[in-house]
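Chains X and H, in that order, give the protein sequences. Using the numbering used here, read the first sequence as starting at 1 and increasing by one per residue. Using the numbering used here, read the second sequence as starting at 413 and increasing by one per residue.
Think of the hints as simulated: they come from the structure by calculation, not from any bench. Keep in mind that a hint or two might mislead.
[Claimed, not checked] Keeping only pairs whose Cα atoms sit at most 27 Å apart, straight-line, the calculated DSS-like set for lysine-lysine is:
id, chain 1, residue 1, chain 2, residue 2
1, X, K26, X, K51
2, X, K67, X, K83
3, H, K423, X, K28
4, X, K365, X, K395
5, H, K423, X, K51
6, X, K319, X, K382
7, H, K458, X, K159
8, X, K196, X, K246
9, X, K67, X, K215
10, X, K172, X, K56
11, X, K219, X, K177
12, X, K246, X, K172
13, X, K177, H, K458
14, X, K219, X, K246
15, H, K458, X, K26
16, H, K489, X, K28
17, H, K458, X, K219
18, X, K368, X, K83
19, X, K219, X, K195
20, X, K26, H, K489
21, X, K368, X, K382
22, X, K159, X, K196
23, H, K458, X, K83
24, X, K26, H, K423
25, X, K196, H, K415
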Amino acid sequence: MERVILHSDLNACYASIECMLNPALKNKPVAVAGSVENRHGIILAKSQQAKECGVKTGEPVWQAKGKCHDLIVVEPHFDEYIKYSSMVRDIYRRYTDLIEPFGLDEAWLDVTGSQRLFGNGYEIAENIRETVRYELGLTVSIGVSFNKVFAKLGSDLKKPDAVTVITRDEFKEKLWKLPASEMIGVGRSTSEKLKKFGIHTIGDLANCDRDWITKQLGKCGTELWTFANGSDTSRVKPDGYRTPIKSIGHGITCSADLVDATEVWRVFLSLSQDVHRRLTGYRLKACGVQITVKDCNLFSRQFQKKLEIPTRSASEIAKAAIDLFNANYSWNYDVRAVTVRAIDLIESDAPAQLDFFTDTSKHEKMQKIDDTVLELRRRFGKNAIFNACLMQEEKIPHGNPEESVMPMRMFR
Amino acid sequence: MRKVYVDVTLKQDKYGTIVPLTVTWEDGHRFDIDRVLDVRRAASTKVGGAGVRYTVRILGRETYLFDDGERWFVEAKDGF
């Protein structure tokens, strides 16, 4: 039986939620941007009108204002975005339990088994579109097709508030003329490589020799060739499915550049406490630590190392992070942003190989202290107890550090 | 139109159904809800926001009362 897959995309998610909550913003050029004071001043999302003026996601606010003088810039309200995104998912759930979210604003739905109850793919998509509009005042564009890749391409074809159907008979005519970079899996660098081979459209990719493209791009080449030919068979993962966690990290852009190792240490310590909290929540510990350091010229580098004993303790992770930093960073420039990440995660009760020379009692003691601190903070709030050196820390911006879960590659 | 958050008194029956009984305006005026005519999820296109929309009759007039999950609000016509 032919599968029926929907890909639903909440149009200009952040910006449309802001406009829905405040109708005074409707039909005006609106952009959602981080706070300029905390140096997060880049455009996160823009309304249709702002898009027409040439405002792009990811550019600094001053640049966007240069293109569009009457641009209204609003601060992001992530709690609202999460709330409305989950309300949209509740609507999907009325039609199927096979819902695979892709970020906050996109999701695949497998409605193959729902057709006898709710009509064919197009009818279900139309119902979803109308319901989201009526109940939440938001618009979605939906692609309907027989696999996930084409459903996603379909949802991009007509925007906003539209449904596009791509059938097996017409995909060549409708999709093969699109640039290859439109397809999921073709990022900036793959697109450049393909261009060098004279492959510009999805059709070019589909019509090239499979063995040849595999030779050029490896396993990824075969995958892309399969996608372009409409033979992708990856399934929509059931609602609630969680991809195994590969790493847990926290990063911040500091409100002023860090000028010495002591300042970097404080930031590492503060970030490691959040990493510790999440590791504990997931019942995991880290066998390695990775740091990313971005200097004031926006140049970033990443370093990682293995830990002698797997740990979840904040102080041990922070210690490993600062060791890595001191060993590798040459201090040509001041530091703008750092990330601490726990990698090579294992279950917290997994056995670990010990050696004769490491004093594990010290490690256990440290872990106990950090766990106690975590418990105190959970019960009495984040400010109930903290390291003295963090008392007058002014370069760590308030509010949540970046903690979003990025979409995994879909075909795993 | 303005979005006005209001105090409401609710009755919850043993099956869990919630029925709003009175609405208290910003100036302290309290109105009895004569009847709930319709309940559905909907967005407020006039003042923004979304949630469960109660179509209610107050003093012979039909109006919307929204429960956005955290608070209740009405679409206030100025001069009402």
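For each hint, the structure was consulted:
1. Pair hint X/K26 plus X/K51 holds up; C-alpha atoms about 14 Å apart against a cutoff of 27 Å.
2. Under the criterion of a C-alpha separation no larger than 27 Å, the hint pairing X/K67 with X/K83 is inconsistent with the structure, at around 32 Å.
3. A C-alpha spacing of about 41 Å is found between H/K423 and X/K28, which places the hinted pair above 27 Å, so the restraint is violated.
4. At most 27 Å may separate the alpha-carbon atoms for a hinted pair to count; X/K365 and X/K395 exceed this at roughly 30 Å.
5. Taken as a hint, the H/K423 and X/K51 pair is broken in the structure, with Cα atoms around 47 Å apart against an allowance of 27 Å.
6. Using a Cα cut-off of 27 Å, the hinted pair X/K319 and X/K382 holds, with the two alpha carbons roughly 21 Å apart.
7. Straight-line distance between C-alpha atoms of H/K458 and X/K159 comes to about 24 Å, which keeps the hinted pair within the 27 Å bound.
8. Between X/K196 and X/K246 the CA atoms are separated by roughly 33 Å; this puts the pair beyond 27 Å, and the hint is violated.
9. Distance check on the hinted pair: X/K67 and X/K215 sit about 44 Å apart at the alpha-carbon level, beyond 27 Å; violated.
10. Distance hint between X/K172 and X/K56 is unfulfilled; the C-alpha atoms sit about 30 Å from each other, more than 27 Å.
11. About 24 Å separates the Cα atoms of X/K219 and X/K177, which keeps this hinted pair within 27 Å; it holds.
12. With a CA separation close to 37 Å, the supplied pair X/K246 and X/K172 exceeds the 27 Å bound.
13. A hinted pair counts as satisfied when its Cα atoms are at most 27 Å apart, and X/K177 with H/K458 does not qualify at roughly 42 Å.
14. Straight-line distance between C-alpha atoms of X/K219 and X/K246 comes to about 21 Å, which keeps the hinted pair within the 27 Å bound.
15. Distance hint between H/K458 and X/K26 is fulfilled; the C-alpha atoms sit about 11 Å from each other, no more than 27 Å.
16. Our distance criterion of 27 Å between C-alpha atoms is met by H/K489 and X/K28, whose separation comes to about 23 Å.
17. Distance restraint check for H/K458 and X/K219: the Cα-Cα separation of roughly 52 Å exceeds the 27 Å cut-off, and the hinted pair is therefore not satisfied.
18. Between X/K368 and X/K83, the direct Cα distance comes to roughly 36 Å. Violation of the 27 Å bound is thereby established for this hinted pair.
19. Pair hint X/K219 plus X/K195 holds up; C-alpha atoms about 18 Å apart against a cutoff of 27 Å.
20. Proposed proximity of X/K26 and H/K489 is supported: the alpha carbons are some 19 Å apart, at most 27 Å.
21. Distance restraint check for X/K368 and X/K382: the Cα-Cα separation of roughly 18 Å lies within the 27 Å cut-off, and the hinted pair is therefore satisfied.
22. For the suggested pair X/K159 and X/K196, the alpha carbons sit about 31 Å apart, so the restraint of at most 27 Å is broken.
23. Distance check on the hinted pair: H/K458 and X/K83 sit about 20 Å apart at the alpha-carbon level, within 27 Å; holds.
24. Distance check on the hinted pair: X/K26 and H/K423 sit about 36 Å apart at the alpha-carbon level, beyond 27 Å; violated.
25. A C-alpha spacing of about 56 Å is found between X/K196 and H/K415, which places the hinted pair above 27 Å, so the restraint is violated.
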